[in-house]
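Participant: Here's the letter readout for the chains.
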Amino acid sequence: MEHQKTPMLELRDIHKSFGDVEVLKGISAEIDKGELLTFVGPSGCGKTTLLRIVGGFTPLNSGQVILDGEDIGALPPNMRNTKMVFQSYALFPHMTVAKNIGFGLKLKKWPRNKIDSRVEELLSLVHMEGLGDRTIDRISGGQQQRVALARALALEPKVLLLDEPLSNLDANLRVVMREEIRNIQERIGITTIFVTHDQYEAMSISDRLLVLNDGVIQQIGSPVEIYEQPANEFIAGFVGYVNFLEGKIESIDKEMKIKYVSTAYGNLELNHNQGDDEQKYDEILLVIRPETLSLSADQAGKQANTFHGVIESFMYAGSLVKYTVKVEDREMIVDQYNPKDATKFQRGDKITITVPRTTHALKK
Amino acid sequence: MAEAVISGATGKGLWYKVRSFLGIHLINIFAGALFTLLAIFLLYPIFSILIMSLRGDEGFTLEFYKEFFSYNFYYWSLFNTLILGTVTMVILVVVGFCFAYLTTRGPFWIRKPLKIVALLPLAAPPYIFAISLITLLGRNGFINNLLNLNFNIYSWTGVIAAQCLAFLPLSFMMIENVLNSLNPSLEETASDMGASEFRIIRSITIPLSAPGLLKAALLVFVMTIAEFGNPAILGGRTPFLAPDTYLAITGEGDFNMASVLSVILIAPCVLIFILHNYVLKGKGYTTIVGKPTAVEYKEIAPGIKIPFMVVAFTVGLLVLSSFGVILLGSFVKIVGVDNTFVIDHVLNTQSNIAIWNSIKVSLCAGLFGAIVGTLLAYVIMRGKFPGRQFMEMIALSGFALPGTVIGVGYIIAFNRPPFLLTGTIWIIILNCVFRFVAVGVEAGISKLHQISIEIEEASADLGADFLTIFFRIVLPIMFSAFVVGFIYTFMTTMMSLSSVIFLVTPGFDLASVYIYLTAQLGELGLASATTMKVIAIVAVSIGILKVIAKKTGLDVSKKQGA
Numbered sequence: 001m002e003h004q005k006t007p008m009l010e011l012r013d014i015h016k017s018f019g020d021v022e023v024l025k026g027i028s029a030e031i032d033k034g035e036l037l038t039f040v041g042p043s044g045c046g047k048t049t050l051l052r053i054v055g056g057f058t059p060l061n062s063g064q065v066i067l068d069g070e071d072i073g074a075l076p077p078n079m080r081n082t083k084m085v086f087q088s089y090a091l092f093p094h095m096t097v098a099k100n101i102g103f104g105l106k107l108k109k110w111p112r113n114k115i116d117s118r119v120e121e122l123l124s125l126v127h128m129e130g131l132g133d134r135t136i137d138r139i140s141g142g143q144q145q146r147v148a149l150a151r152a153l154a155l156e157p158k159v160l161l162l163d164e165p166l167s168n169l170d171a172n173l174r175v176v177m178r179e180e181i182r183n184i185q186e187r188i189g190i191t192t193i194f195v196t197h198d199q200y201e202a203m204s205i206s207d208r209l210l211v212l213n214d215g216v217i218q219q220i221g222s223p224v225e226i227y228e229q230p231a232n233e234f235i236a237g238f239v240g241y242v243n244f245l246e247g248k249i250e251s252i253d254k255e256m257k258i259k260y261v262s263t264a265y266g267n268l269e270l271n272h273n274q275g276d277d278e279q280k281y282d283e284i285l286l287v288i289r290p291e292t293l294s295l296s297a298d299q300a301g302k303q304a305n306t307f308h309g310v311i312e313s314f315m316y317a318g319s320l321v322k323y324t325v326k327v328e329d330r331e332m333i334v335d336q337y338n339p340k341d342a343t344k345f346q347r348g349d350k351i352t353i354t355v356p357r358t359t360h361a362l363k364k
Numbered sequence: 001m002a003e004a005v006i007s008g009a010t011g012k013g014l015w016y017k018v019r020s021f022l023g024i025h026l027i028n029i030f031a032g033a034l035f036t037l038l039a040i041f042l043l044y045p046i047f048s049i050l051i052m053s054l055r056g057d058e059g060f061t062l063e064f065y066k067e068f069f070s071y072n073f074y075y076w077s078l079f080n081t082l083i084l085g086t087v088t089m090v091i092l093v094v095v096g097f098c099f100a101y102l103t104t105r106g107p108f109w110i111r112k113p114l115k116i117v118a119l120l121p122l123a124a125p126p127y128i129f130a131i132s133l134i135t136l137l138g139r140n141g142f143i144n145n146l147l148n149l150n151f152n153i154y155s156w157t158g159v160i161a162a163q164c165l166a167f168l169p170l171s172f173m174m175i176e177n178v179l180n181s182l183n184p185s186l187e188e189t190a191s192d193m194g195a196s197e198f199r200i201i202r203s204i205t206i207p208l209s210a211p212g213l214l215k216a217a218l219l220v221f222v223m224t225i226a227e228f229g230n231p232a233i234l235g236g237r238t239p240f241l242a243p244d245t246y247l248a249i250t251g252e253g254d255f256n257m258a259s260v261l262s263v264i265l266i267a268p269c270v271l272i273f274i275l276h277n278y279v280l281k282g283k284g285y286t287t288i289v290g291k292p293t294a295v296e297y298k299e300i301a302p303g304i305k306i307p308f309m310v311v312a313f314t315v316g317l318l319v320l321s322s323f324g325v326i327l328l329g330s331f332v333k334i335v336g337v338d339n340t341f342v343i344d345h346v347l348n349t350q351s352n353i354a355i356w357n358s359i360k361v362s363l364c365a366g367l368f369g370a371i372v373g374t375l376l377a378y379v380i381m382r383g384k385f386p387g388r389q390f391m392e393m394i395a396l397s398g399f400a401l402p403g404t405v406i407g408v409g410y411i412i413a414f415n416r417p418p419f420l421l422t423g424t425i426w427i428i429i430l431n432c433v434f435r436f437v438a439v440g441v442e443a444g445i446s447k448l449h450q451i452s453i454e455i456e457e458a459s460a461d462l463g464a465d466f467l468t469i470f471f472r473i474v475l476p477i478m479f480s481a482f483v484v485g486f487i488y489t490f491m492t493t494m495m496s497l498s499s500v501i502f503l504v505t506p507g508f509d510l511a512s513v514y515i516y517l518t519a520q521l522g523e524l525g526l527a528s529a530t531t532m533k534v535i536a537i538v539a540v541s542i543g544i545l546k547v548i549a550k551k552t553g554l555d556v557s558k559k560q561g562a
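Which chain is which? The protein sequence lines are A and B, in order.
With this note's numbering, the residue at position 345 of the first sequence is 345, and numbering never jumps.
With this note's numbering, the residue at position 550 of the second sequence is 550, and numbering never jumps.
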């Protein structure tokens with residue numbers, strides 16, 4: 001399926017250093033037409049630098065930026081068909097909303113009436129009809145965000161670049177604008193790169209995520225892949241909480257469907273999926289999400305895929321109860337959703353944790 | 001795909017390449033051009049002075065320096081200048097402290113009026129006080145006649161008094177700034193622990209503000225020894241360096257000796273610049289973060305209040321009466337001697353021609369100064385080439401160096417090819433542009449600090465090239481800084497004397513030079529009337545500056561340097 005799509009933007013082996021510090025160590029990726037790809041990673045991982053390289057604001061040391069078949073790596077920003085929405089919005093303080101939106105069109109020497117009608121069209125796209133004559137200091141933060149977006153879209157760029165566009169908004173507005181940006185992006189089908197340090201924002205807005213750390217791509221994949229099949233420990237720990245558990249593959253069944261794993265607290269039978277490349281006797285790391293575990297009152301004897309433990313503490317949060325369970329010498333976090341209908345456990349209760357067969361394993 | 005890439009690149013042709021080259025390098029080209037201008041109009045004149053002071057008929061020589069230190073006259077000149085600087089400095093730190101203490105901690109009714117009086121001399125050229133002191137205490141002076149005194153104002157006392165009044169705003173502004181930045185709760189704590197107010201001043205206020213006071217003192221010292229007008233008019237037979245430099249050229253045509261004197265004048269400036277930037281850098285106590293909180297009024301102990309007020313009121317009265325005397329002197333025949341009303345002084349043709357010349361020169365200097373200043377600020381802030389700090393330093397040096405020195409540098413540097421400018425109006429304009437460009441640069445830099453660089457990147461992103469960004473985005477946003485640079489250069493040029501006096505040609509008088517000459521000749525009515533006109537023009541300029549500062553929030557600390 002993937003290969004049938006045409007890449008709108010291709011990054012080939014991009015390297016970038018600031019002085020002695022190498023911030024991007026060979027980045028290669030493809031972004032499909034109409035896709036929303038998010039660069040995400042902790043601060044200092046190089047995501048903004050990578051975006052600025054695509055926009056032409058930061059020169060690259062080596063590598064290529066191919067936009068729709070043309071290498072644009074050496075062009076200044078004003079000659080690239082990519083448009084950016086800046087973190088600070090960078091609206092021109094001495095121009096009105098409409099002048100800001102029409103700025104790029106004016107530079108392209110569009111006739112006056114065409115500019116006006118295009119600006120109107122964009123204002124209605126971002127739900128700001130009738131506010132074109134306002135000055136920048138007389139509109140709200142969310143509206144400034146919309147103007148910045150409209151201004152970037154005015155010239156119908158091939159790729160839209162968004163540099164942490166929601167970081168200056170308060171929490172509620174952030175969610176609203178996130179959905180709105182996604183709506184507009186899907187409606188006009190524009191290829192988009194979105195930069196954020198917020199994993200949840202990245203998960204909820206993207207078609208695919210490109211997770212960067214230390215200047216290296218850790219994984220590129222859909223939100224589902226990133227969460228359910230993380231490529232390494234960093235990715236697993238980057239989105240959501242995870243109980244890591246060391247184990248060893250004792251054997252794999254003949255049909256290559258089940259792997260038998262030993263851990264310090266008991267043995268597990270896990271699904272062995274197509275493409276899993278672990279071998280017998282491999283040391284592995286299990287990625288156990290808190291919400292995949294289930295709790296039950298202690299049963300004597302040992303059943304498959306269970307650990308025995310004691311409730312150490314719990315935190316009631318309405319939609320879920322977060323239990324901290326002591327399993328021999330270590331703590332595991334278990335999220336029990338819909339606590340209304342579930343058995344509630346108290347501190348000191350002896351319980352059994354069941355680990356699902358679908359638990360993801362990383363090769364060490 | 002590969003073919004498409006190639007044809008895509010070649011298809012856009014030469015113009016495409018030129019544009020993308022300019023987009024990246026135009027700022028560096030600008031930087032190169034500006035650096036060349038700075039090199040020609042600031043570095044080269046200073047360099048010429050150094051060469052001239054070391055070059056005799058047979059090449060390199062130290063003969064002129066030997067001569068300087070062996071002649072009693074020059075030796076005394078140096079000594080007097082240093083004494084003048086030291087005495088003025090000490091007096092002004094004390095007076096400035098009295099003013100600043102009262103405006104920051106005194107009763108509310110007194111704060112605003114005292115502040116206005118302390119800043120009033122900014123609106124006038126420094127030599128206004130020489131003229132007013134002569135009117136009051138000269139041989140035919142009002143007070144001398146009234147009390148039948150035989151006081152001689154053409155003396156040390158006169159020069160020191162005039163210098164103290166002229167540089168009061170500088171000292172006051174710096175000390176007030178220091179006192180404002182002290183956290184009031186420190187003084188309150190000391191008081192809470194039982195310290196008397198005198199004790200608090202001695203062991204809390206002064207120690208905490210010591211680095212700031214020292215900086216103020218050093219700056220007053222440098223400005224005082226560089227000042228030309230007051231010692232030239234009031235010095236009488238007492239030699240001082242700045243007027244002697246002028247005399248060495250106009251009286252004896254001795255450019256070598258004038259250069260030596262200039263180098264001697266620069267030395268303390270350089271020394272203090274180094275002290276200020278390297279030794280005192282970072283020294284000082286910031287005891288308050290963010291905006292200074294208003295100090296609540298508490299009753300100042302009478303033992304402190306009364307002496308402080310006596311000092312401040314006496315000096316304040318002198319400032320006010322000086323302005324009054326100038327106003328009066330413009331409209332009466334001779335103040336105190338023949339008090340009949342005359343309009344002749346104000347209507348004098350030569351005076352008006354001089355004013356008109358000054359306005360023309362100042363408008364040109366203001367315009368060019370603002371353009372160069374804005375461009376420099378932009379290049380320094382946004383350029384990515386090495387040596388930007390050096391460039392900023394040169395740009396600011398025009399302000400720090402004594403006007404006399406730059407004047408001498410200009411006549412030496414520009415009286416022969418390749419830069420033959422002597423005798424033209426351009427040499428005066430360029431001199432003022434580069435002496436005062438610092439303010440435009442600083443205003444521009446502070447404005448650019450307020451603008452996110454993303455705004456420029458956004459316009460590049462939307463397709464604007466360097467020139468479009470500069471003219472459509474940067475310039476409109478920086479316009480307030482441009483206007484500040486323009487007005488500031490305009491008004492300092494209006495008042496400037498020390499440098500331009502070397503550069504004017506007979507028959508082309510500037511207001512400041514005309515005032516100086518008429519004061520020398522004892523034509524106090526003409527000097528007063530011309531000064532009054534200059535003050536009026538400067539006052540209007542300050543008013544405009546204030547409005548801009550209020551509207552744009554651009555804070556340009558006023559500086560003195562006429």
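Check the hints yourself; a few may be wrong.
To be verified - Distance ranges between label pairs, derived from CB positions:
1. A:Y241 / B:R388: 44 to 52 Å
2. B:Q389 / A:S204: 44 to 52 Å
3. A:R112 / B:L26: 25 to 33 Å
4. B:R388 / A:N168: 27 to 35 Å
Don't read these hints as lab results, they were simulated from the structure.
Since this is a predicted model, take the numbers as computed values, not measurements.
Glycine residues also receive a C-beta, built at the ideal position from the N, C-alpha and C atoms.
Participant: Per the hint of 25 to 33 Å, is the separation of the Cβ atoms of A:R112 and B:L26 within bounds?
Facilitator: holds, 29 Å
Participant: That 27 to 35 Å hint for B:R388 and A:N168 (C-beta), does it hold up?
Facilitator: Given a distance of about 30 Å, which is inside 27 to 35 Å, the answer is holds.
Participant: Return holds or violated for the Cβ distance of B:Q389 and A:S204 against the range 44 to 52 Å.
Facilitator: For A:S204 against B:Q389, whose Cβ atoms are near 46 Å apart, the range 44 to 52 Å holds.
Participant: If I claimed the Cβ atoms of A:Y241 and B:R388 lie 44 to 52 Å apart, would that claim hold in this structure?
Facilitator: holds, 48 Å
The structure fails none of the hints (numbered hints given earlier).
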